[in-house]
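Student: Protein chains in written order, with the numbering used here: chain A, 16 to 89; chain B, 809 to 1191.
Any given hint could be a false lead.
Said to hold, decoys possible - The list that follows gives simulated cross-link-like pairs (lysine to aspartate or glutamate, EDC-like), each with its CA atoms no further than 20 Å apart:
#: 1; chain 1: B; residue 1: LYS1143; chain 2: B; residue 2: ASP841
#: 2; chain 1: B; residue 1: LYS866; chain 2: A; residue 2: GLU37
#: 3; chain 1: B; residue 1: LYS867; chain 2: B; residue 2: ASP898
#: 4; chain 1: B; residue 1: LYS1143; chain 2: A; residue 2: ASP50
#: 5; chain 1: B; residue 1: LYS866; chain 2: B; residue 2: ASP840
#: 6; chain 1: B; residue 1: LYS867; chain 2: A; residue 2: ASP56
#: 7; chain 1: B; residue 1: LYS866; chain 2: A; residue 2: ASP56
#: 8; chain 1: B; residue 1: LYS1143; chain 2: B; residue 2: GLU870
#: 9; chain 1: A; residue 1: LYS41; chain 2: B; residue 2: GLU870
#: 10; chain 1: B; residue 1: LYS1143; chain 2: B; residue 2: GLU1080
#: 11; chain 1: B; residue 1: LYS1143; chain 2: B; residue 2: ASP1157
#: 12; chain 1: B; residue 1: LYS914; chain 2: B; residue 2: GLU959
#: 13; chain 1: B; residue 1: LYS1143; chain 2: B; residue 2: ASP840
#: 14; chain 1: B; residue 1: LYS867; chain 2: B; residue 2: ASP841
#: 15; chain 1: B; residue 1: LYS914; chain 2: B; residue 2: GLU969
Said to hold, decoys possible - Label-pair ranges, simulated between beta-carbon atoms:
#: 16; chain 1: B; residue 1: GLU870; chain 2: A; residue 2: TRP39; range: 26 to 34 Å
#: 17; chain 1: B; residue 1: TYR872; chain 2: A; residue 2: TRP39; range: 16 to 24 Å
#: 18; chain 1: A; residue 1: LYS41; chain 2: B; residue 2: ASP927; range: 53 to 61 Å
#: 19; chain 1: B; residue 1: VAL1028; chain 2: A; residue 2: LYS41; range: 58 to 66 Å
#: 20; chain 1: A; residue 1: TRP39; chain 2: B; residue 2: ASP925; range: 45 to 53 Å
Said to hold, decoys possible - Stretch by stretch, here's where chain B covers chain A in the computed footprint (C-beta under 8 Å, at least three residues):
#: 21; region: 42-55
#: 22; region: 63-75
The hints are simulated quantities; they were obtained by calculation from the structure and are not laboratory data.
All C-beta atoms in this analysis are idealised placements derived from N, C-alpha and C, irrespective of residue type, glycine included.
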Amino acid sequence: MFLRRMILIASLAAATGCGNIEPWVKPYERQNFADPIMAADRNPVATSYLNHVFEAREGARGALASHGGGCGCN
Amino acid sequence: MIRLAIPAALAAITAAAALTAGSPAQAAVLPDDRADVLYHRYEGGGVTVDGPSLLVRKKVAENYSVSANYYVDMISSASIDVLTTASPYDEERTQGSLALDALNGKTQYSLSFANSDEDDYTANTASFDVSQELFGDLTTLSLGFSRGWDEVRRNGDPEFEEPVDRRSYRVGLSQIVTPTVMLGFAFETITDEGFLNNPYRSVRYLDTENPAGFAFQPEVYPTTRTSNAVAFNAQYFLPYRAVAHGEYRGYTDTWGIDAHTVRVGYTHPLGERWVVEGGYRWYDQSSADFYADLFPRRDAQNFLARDKELSTFTSHMLSVGATYEFGASRGSFLKRSTVNVFYDRMRFDYDDFRDILSGGAPGAEPLYGFDANVYRVFVSAWF
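Excised from the complex, chain B in its bound form (with noise of 0.2 Å):
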């Protein structure tokens, strides 16, 4: 059962991102080659998913690179959203995606293709990117472009089954300013076409003729959407080899969305073989036009969403993390490894959607929130 279609098919252009994230950052060499084993697991409101994921990248011949991802979420799911209407519920969703890199000069073309599957939701998503040095190589200029094809469909009804065409245009740019400061810009406009919303949410109304004040009607979401995002990132190396960096993302879509993300963080070698990393990120949306907790009436408006994804709410995270090296030992193909832990706590607080499992009279529930705990275990491999 998909929880929201579109972060479904957003988890595969993620995944092509991921593949491709070597590429504006050093756009006249080629990633080296790795592999990298995680398990990832996030508990918080209710839902646990967890599953592992593998990454292998390979040069082949001088000036290519193939890189492969297998990715996994099992979800175990009893949510508010689920329990407020239907009944908890496991399911998996699997994804690979495929890469090559291709180097010709002080140019980097990077070609990718992700399929997402689960029951009742199918993403393919095609992306090209095109990374280029300029100015003495102190500025790389990255270029993108992703299509995506998806398929909605709903349990239990085999008639249902609706498309989505996503579109995502982004340009990058990273510039050294000083020997010790590193300045990037990132932007990004993507455009959804089709059923956007989720086949199994309801919005609530008022309903005087039911016992508990309220009702329920499935949502309604507009079928267009288009977002532009832009973001800045510094990154500063200080004296005593340690990183302080900082990024900021500002949002705003078609739905009436608008969004602030900051993040600082700060990472410190320790000795030979440690790294230690930790950081906090601040998170803080609108809610969409069309959001509402409680519908005066049925059929209150031509659109309707009661997805506290879209309503007004901050969450903050805190982060650390830390690396293991170990040294390339003598015989092995090795060149070196790492053994790789990451903890992240969040808390989301939401301004205008209720705990209506809470009671209270209809409206003046207490405001919903909740603790989620993010967990990354993974071995790194470069060879």
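Chain A on its own, in the form it takes in the complex (with noise of 0.2 Å):
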């Protein structure tokens, strides 16, 4: 039902025409986003494993940062 109504909502923004919103970054001021050391997360598999450290030893879980990164560079 939650999956269902994120999606819905996402339909909804892209039918009205978000798109067309013109970017007040223009891509050529993006470099920055496409600079490696800019990346979300630029070692996938180190992030994962500190993860795994974190949910073990801690009560907490969910919304790491690797599901919330962005970059938008292209």
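Both chains come to you apart, so use the hints to assemble them.
Tutor: Following this line, the structure appears as structure tokens:
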């Protein structure tokens, strides 16, 4: 149910013309986001291992950074 | 022997996230072909865990990418929990994951499956993630769902076999705000149903007939758990080519645990070849409603726990790391490769978990705490 609602919201956003918004950061201004040091997760295997260390020793779980990172540099 | 049931299962989700980590980050481009070979080692609290992790990712045709991860934990445990009620043990956990990413315009789909197996616990997890670029490609929205089917067993008891059903629902959003600032948001709900406690662990209660003043009985957890976690993160590209980043995560669940995590870091290139980085992480949690270091009597309540992971505690972690990059050499099929060394120093201080091996009157023993060292050494190659 949750997933269905989120897909519906995303579909409505796309259908109502959100894609036509003028980007305020132009493509030629996004070179910083293409720099490897700006990558949301440069080392996925090493990050995955560290997250496992946390999950094995802490009560909290979920919403790891690897799910919420972003680039949008293309 | 499982240390705590759910982390073994969460590891499968984490592994799946590693395979699909590139998807929300770069919705309109598939991740680069790469291979990683990592050695990991954790030492702390009487526990040593080490082993390899191997990752290979390769594009297939123009719009597909497949990846595979093989991971091993070799565990040698003489933790305070084990020394209190059992004997030190060695065990091995192996985990394999496969993922397929597909690109369709500005939408990326990721399908993955992970299997984790050890003597007395098997976890299977299937995940589906989709990410879409919006608003002139300044925004990336990602949605994900995982389903897990686990089996809990108990060594020495062939009759014992209990299932766990897990589901995870997540949404993420990343936003380019300025040419140097990116913000991120993530929310995840996880539900578990089944046998959620450790079949070996015990709680202790006051017992005046016992010479020690206390005795033990098996722990009892609820059979359901639902958690919500929300995270915000920010990355800032500094004018001299370096990155500062920060993150906050808030967490709450139906067992009564509330937790906060704050993390800051800094990444700095040195010349053409080196990248160094450092960071600090702070974590704080309250205890589960049914946790106690010492219960007043046997069967004091319907649910009982004395896992220190469910107690009130604070941890700190300092991290340093260095990466050296080799350029492409003529005639080599490798585009570039790196050697990486990372070290993390952790400190755990428990507010209501006592070190009963130190002696003292029941309930008046010193509080427990320990330091841990985490090493990650790996080679990455892009081809």
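Student: Take the hints in turn and mark each one as holding or not.
Tutor: Do the hints match the structure? See the list:
1. B:LYS1143 / B:ASP841: holds (10 Å)
2. B:LYS866 / A:GLU37: violated (35 Å)
3. B:LYS867 / B:ASP898: This hinted pair is violated, its Cα atoms lying about 39 Å apart.
4. B:LYS1143 / A:ASP50: Cα-Cα ~16 Å, so holds.
5. B:LYS866 / B:ASP840: holds (7 Å)
6. B:LYS867 / A:ASP56: holds (19 Å)
7. B:LYS866 / A:ASP56: holds (18 Å)
8. B:LYS1143 / B:GLU870: Cα-Cα ~19 Å, so holds.
9. A:LYS41 / B:GLU870: Roughly 27 Å between the alpha carbons, so the hint for LYS41 of chain A and GLU870 of chain B is violated.
10. B:LYS1143 / B:GLU1080: The hint holds at about 15 Å.
11. B:LYS1143 / B:ASP1157: violated (45 Å)
12. B:LYS914 / B:GLU959: Since the Cα atoms of LYS914 of chain B and GLU959 of chain B sit roughly 38 Å apart, the hinted pair is violated (cutoff 20 Å).
13. B:LYS1143 / B:ASP840: holds (11 Å)
14. B:LYS867 / B:ASP841: holds (6 Å)
15. B:LYS914 / B:GLU969: Distance of about 45 Å is beyond 20 Å: violated.
16. B:GLU870 / A:TRP39: 26 to 34 Å: Roughly 31 Å apart at Cβ, these two residues keep to the hinted range, so it holds.
17. B:TYR872 / A:TRP39: 16 to 24 Å: Roughly 33 Å apart at Cβ, these two residues miss the hinted range, so it is violated.
18. A:LYS41 / B:ASP927: 53 to 61 Å: holds (57 Å)
19. B:VAL1028 / A:LYS41: 58 to 66 Å: holds (60 Å)
20. A:TRP39 / B:ASP925: 45 to 53 Å: holds (50 Å)
21. 42-55: holds (count 10)
22. 63-75: holds (count 13)
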